[in-house]
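Student: Residue-level listing of the chains:
2 protein chains.
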Amino acid sequence: MKLAILGYGNLGKGVECAVKQNKDVELKYVFTRRDPATVKILTDGVAVKNVSEILNYKDDIDVLIICGGSATDLPKMTPEYAQYFNVIDSFDTHARIPEHFANVDKAAKANGHTALISAGWDPGMFSLNRLYANCILPDGNDYTFWGKGVSQGHSDAIRRIDGVKDGKQYTIPVPEALKAVRAGENPTLTTRQKHTRECFVVAEEGADLARIEKEIKTMPNYFDEYDTTVHFITEEELKRDHAGIPHGGFVFRSGSIGWNKENKAIIEYSLKLDSNPEFTASVLVAYARAIDRLNKEGVTGCKTVFDIAPAYLSPLSGDEIRAHLL
Amino acid sequence: MKLAILGYGNLGKGVECAVKQNKDVELKYVFTRRDPATVKILTDGVAVKNVSEILNYKDDIDVLIICGGSATDLPKMTPEYAQYFNVIDSFDTHARIPEHFANVDKAAKANGHTALISAGWDPGMFSLNRLYANCILPDGNDYTFWGKGVSQGHSDAIRRIDGVKDGKQYTIPVPEALKAVRAGENPTLTTRQKHTRECFVVAEEGADLARIEKEIKTMPNYFDEYDTTVHFITEEELKRDHAGIPHGGFVFRSGSIGWNKENKAIIEYSLKLDSNPEFTASVLVAYARAIDRLNKEGVTGCKTVFDIAPAYLSPLSGDEIRAHLL
Chain L
1 MKLAILGYGN
11 LGKGVECAVK
21 QNKDVELKYV
31 FTRRDPATVK
41 ILTDGVAVKN
51 VSEILNYKDD
61 IDVLIICGGS
71 ATDLPKMTPE
81 YAQYFNVIDS
91 FDTHARIPEH
101 FANVDKAAKA
111 NGHTALISAG
121 WDPGMFSLNR
131 LYANCILPDG
141 NDYTFWGKGV
151 SQGHSDAIRR
161 IDGVKDGKQY
171 TIPVPEALKA
181 VRAGENPTLT
191 TRQKHTRECF
201 VVAEEGADLA
211 RIEKEIKTMP
221 NYFDEYDTTV
231 HFITEEELKR
241 DHAGIPHGGF
251 VFRSGSIGWN
261 KENKAIIEYS
271 LKLDSNPEFT
281 ASVLVAYARA
291 IDRLNKEGVT
301 GCKTVFDIAP
311 AYLSPLSGDE
321 IRAHLL
Chain Y
1 MKLAILGYGN
11 LGKGVECAVK
21 QNKDVELKYV
31 FTRRDPATVK
41 ILTDGVAVKN
51 VSEILNYKDD
61 IDVLIICGGS
71 ATDLPKMTPE
81 YAQYFNVIDS
91 FDTHARIPEH
101 FANVDKAAKA
111 NGHTALISAG
121 WDPGMFSLNR
131 LYANCILPDG
141 NDYTFWGKGV
151 SQGHSDAIRR
161 IDGVKDGKQY
171 TIPVPEALKA
181 VRAGENPTLT
191 TRQKHTRECF
201 VVAEEGADLA
211 RIEKEIKTMP
221 NYFDEYDTTV
231 HFITEEELKR
241 DHAGIPHGGF
251 VFRSGSIGWN
261 KENKAIIEYS
271 LKLDSNPEFT
281 ASVLVAYARA
291 IDRLNKEGVT
301 GCKTVFDIAP
311 AYLSPLSGDE
321 IRAHLL
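One line per chain: the protein sequences are L and Y, in this order.
Taking our numbering, the leading residue of the first sequence gets 1, the next gets one more, and so forth.
Taking our numbering, the leading residue of the second sequence gets 1, the next gets one more, and so forth.
It cannot be assumed that every hint is accurate.
Unchecked claim - Calculated cross-link-like contacts (lysine-lysine; reagent style BS3-like; alpha-carbon spacing at most 25 Å):
| id | chain 1 | residue 1 | chain 2 | residue 2 |
| --- | --- | --- | --- | --- |
| 1 | L | K261 | Y | K40 |
| 2 | Y | K261 | L | K20 |
| 3 | Y | K179 | L | K179 |
| 4 | L | K58 | L | K23 |
| 5 | L | K296 | Y | K109 |
| 6 | Y | K148 | L | K261 |
| 7 | Y | K261 | L | K40 |
| 8 | L | K194 | Y | K179 |
| 9 | Y | K20 | L | K261 |
| 10 | L | K261 | Y | K23 |
| 11 | L | K179 | Y | K148 |
| 12 | L | K76 | L | K49 |
| 13 | L | K261 | Y | K2 |
| 14 | L | K261 | Y | K239 |
| 15 | L | K296 | Y | K296 |
| 16 | Y | K261 | L | K148 |
The set of hints was computed from the structure by calculation and includes no laboratory data.
The following block holds chain L by itself, in its conformation from the complex (with noise of 0.2 Å):
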């Protein structure tokens, strides 16, 4: 399978070190929007273009992964690009997934291309095991947790605070509450029972950091409704013990079954990711893999994870994956 990378920040770099580990599939391209003399990639022997050219390449992609922002990039790319390639995004603005879809699929059907949007772990992965615990468990409860991990959204959010130099901002699930759930307690729970906020912010010289504190910890939608702690850190110590990408997080389904209810029945997924973007990434790349092959089969239009059968994702056979992993 040969792909392309659409844009080449943290998640197109995921992409290719996902690449790597898949032996049937091929980098060709990486376009960005930038001068391609400025980028430089990890793969030898890999062009990189601009998006400009992307066209002149139609023929040699099977598959176009699009790594791009939700607020902006992707509601405009993902339906353009899905007229001339097959397409896989990680869409992952929940409440705008509708549209989404309904634009990305006319796109990818009026020219017989296959396109998945919303890949990733949330939602992806964590969306599947929603969708499989509530098919199960009909009578039951749903539990999502983030974290512990950093989010992007909320890093920024502090950044944007006069007086502020850089920050990173964690999410963490309470443990109390994770406890709970998996006792099968199905408790009722706040915002600020499920989460904490843990920020670690570099001031600039002589900024007043009780405002920056309280800034943040009122912050509306951010950080009003979470029990936030605020550290002030040096710019060298951020650089050392906060360099990277982790999250991850947790999916419940706590239901009850018998012919009274009488007995528990608890599911539980969970993620430990030291990156981000590289395991969105590695999801990326194995259902970029099944979009090839139903467009191969015929089969056109917009997808999710939910309508991908999970041996379409494997490069073994059917005879293989019933043999070793059933």
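Model the placement of chain Y on the given structure of chain L, informed by the hints.
Tutor: Relative to chain L, chain Y alone:
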């Protein structure tokens, strides 16, 4: 969807309970090898019939759920009934899955039916998680732990010992092993290091307890490779404290991501089930929905959980699951 159950033991009764939770599913018949007059079921208005009459009801059943044992029942029954019905079973002899699959596939295809074998949790949900995780993290190690839960096979083995009146065996994952895997240490674990076995035994009056304990602990294949604890208890204690059939377990994929495999990614899926057969039955009913739909779409032959797109398990529409679960 109209279902019928063939075989009314713990699993068949579990299917009956699961049907009650699924509003789009109707239980039409329970078929038994026993005298139907002696089989009392939970659902009002559902007929119990002898299996000899089953073909008379062929046109009134969308999917037949075959609740038999994997050792001798299912290898015969599933291919036989796949000639006349869409069928689903929970065949769990991992080593014989390829052979069972081929037999069921032949019978189902020749007669335009759709079948699914080996649904449940292992094989079943655990297999799915092994497959997904292997596709996402090609570089990594798999770990499966079972328990804490009752092993029917090991409990039966205890009960066959001379001087044993009754008994129950629990399989328990070793906490240190779970901890090491969860921490990404990728340990190499022997059989003994993964699980311990705990037995609760009711001895016949005057039996030689020391001999029974020794026979259990040294029993080849079942106990000799494990650290086993034996507790002698009264019949009343067994009934009071060990009447349930709980089970569960953990599936891990501990992988490496990044250009130089410098980052860890750990995927963990776990189940904690008060009732093993009721949960297995809940999985069977969800997959029966998929089989019914696939058959109506003209897809025939034998499938496994690997071949079923998750959306087929849900009573909700594609729009609904994208809006609420993705």
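Student: Work down the list of hints and note, for each, if the structure agrees.
Tutor: Structure-based check of all given hints:
1. L:K261 <-> Y:K40: Answer holds: L:K261 to Y:K40 is near 20 Å, not above 25 Å.
2. Y:K261 <-> L:K20: holds, 10 Å
3. Y:K179 <-> L:K179: holds, 16 Å
4. L:K58 <-> L:K23: holds, 23 Å
5. L:K296 <-> Y:K109: holds, 24 Å
6. Y:K148 <-> L:K261: Distance of about 21 Å is within 25 Å: holds.
7. Y:K261 <-> L:K40: holds, 20 Å
8. L:K194 <-> Y:K179: holds, 24 Å
9. Y:K20 <-> L:K261: Holds - the C-alpha atoms of L:K261 and Y:K20 are around 10 Å apart, at most 25 Å.
10. L:K261 <-> Y:K23: Measuring from Cα to Cα gives roughly 15 Å; hence the hint holds.
11. L:K179 <-> Y:K148: holds, 17 Å
12. L:K76 <-> L:K49: Holds. L:K76 to L:K49 sits at ~20 Å (cutoff 25 Å).
13. L:K261 <-> Y:K2: Holds, at roughly 22 Å.
14. L:K261 <-> Y:K239: holds, 21 Å
15. L:K296 <-> Y:K296: holds, 24 Å
16. Y:K261 <-> L:K148: Roughly 21 Å separates the two Cα atoms, so the pair holds.
This entry satisfies every hint, going by the numbered hints stated previously.
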